[in-house]
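Generate coordinates for the entire structure from the input sequences, incorporating the hints supplied.
Using full-length UniProt numbering, the letters of the sequence shown map in sequence onto residues 1 to 342.
For the record, the hints were derived by calculation from the structure and aren't laboratory data. Among the hints, a few may not be true.
To be verified - Cross-link-like lysine to aspartate or glutamate pairs, in silico, DMTMM-like; alpha carbons within 20 Å at most:
id : residue 1 : residue 2
1  : K35       : E306
2  : K68       : D80
3  : K282      : E272
Said to hold, decoys possible - Pair by pair, the computed Cβ-Cβ distance ranges are:
id : residue 1 : residue 2 : range
4  : G304      : R196      : 30 to 36 Å
5  : I123      : I173      : 24 to 30 Å
6  : I123      : K76       : 34 to 40 Å
7  : S228      : K270      : 15 to 21 Å
8  : L322      : I225      : 34 to 40 Å
9  : Y307      : V21       : 23 to 29 Å
10 : K117      : L300      : 19 to 25 Å
11 : W310      : I236      : 27 to 33 Å
Note that the structure is predicted; figures quoted are calculated from it, not measured. For each residue, glycine too, the CB sits at the ideal point set by N, CA and C.
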Amino acid sequence: MDTTRSVGRKEFKGIDVTKFVLALFVVAGHTHPFKDVDNLIFMQLWETSLLLVVPYFFMAAGFFLFSKVYRTDDKKYQLDTIRPYLFRIFKLYLYWTIIFLPITLWRYFTDDLIFQKDLVLFIRGTFFFGENYYSWPLWFLLSMTYSIAFIYLLTLINFKWKGVFIASVIIFIIAIIFNYLVKEESENSLLLAIGRAIKYLFLTGRLFTGMFYLMVGGLIALNKIKLSAWIVLLMIIVAVAFQLYEVEIVSPLLFSFLPITLFYLTINLKLESVKNNAFLRKCSTVLYFTHMIVFFLYSLIFRGMEYFGWDAFLVSVIVPILLTPLIIRNEERFPILKELFG
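Below is the structure:
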């Protein structure tokens, strides 16, 4: 009996549509169209919903990658499958870091810091934060790079999928602890010092969350994670309950149930009426990677830096959507477009 979902033999319209909607959330999260809304409950729900986005993207990537990697127990096959994907993600991160470089340099030219300080900030931002000025979405790629590189290393030393998953859970817990420490709310001087060090070096623990969600997506594809309707409902109730009655470290850990259940529920959505899911798939990628460039140029030319609002959101959505057909049409002519947008 086939224990792996037929990932390569069917379309997953639910994933395509959900990723497109979540890409709109990413744009909204950066342009803040709701900045003038004075409703505490709405803003809390909105800010919570934004936390679903990147975990979903990680799981989608893991779903398609690890359904291939763990198709067999053959170590050589697994390494040969992971290696080109790792290089592709790392290359993609380098490409987009270079594309955002003019914006980064503009920031350095307009700040009051000396060259050496700007250089340190660039190195830290590029290799430890996963972002520089206005290139905020790129941390996803850096987290992917480090996570897949570590999975490759574990596979190289004969870890099977169970061992890799356990390692990802441990690293995820460490990431949540990092997130707690960087808030600097502890009364312990040592923990405060550790928190400041983590904040200076990594900003938060987010880089270390990718591996867990990648593996969850992969295990769902492999049918190693099967959730009944009752289990899904229970996971949602527990996660929501611990967001309402917050417990440090525990609540953020259990929040992971929400993106996991969202991903699980949207995988097999039929959505027969959706005919343009391939366009939506491409559009979500274009939106994710280009909206900050559009936002920067719009703010610089028409509004002023550090501006947020509905108009910035709409422009940052409309321009990438209009660019998507042009990108699709010219991919064969300019292969770099295929590399940048998949």
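Consistency of the hints with the structure:
| no. | hint | result |
| --- | --- | --- |
| 1 | K35 with E306 | 12 Å, holds |
| 2 | K68 with D80 | 11 Å, holds |
| 3 | K282 with E272 | 19 Å, holds |
| 4 | G304 with R196: 30 to 36 Å | 32 Å, holds |
| 5 | I123 with I173: 24 to 30 Å | 28 Å, holds |
| 6 | I123 with K76: 34 to 40 Å | 36 Å, holds |
| 7 | S228 with K270: 15 to 21 Å | 20 Å, holds |
| 8 | L322 with I225: 34 to 40 Å | 39 Å, holds |
| 9 | Y307 with V21: 23 to 29 Å | 25 Å, holds |
| 10 | K117 with L300: 19 to 25 Å | 23 Å, holds |
| 11 | W310 with I236: 27 to 33 Å | 31 Å, holds |
In this structure, every one of the numbered hints holds.
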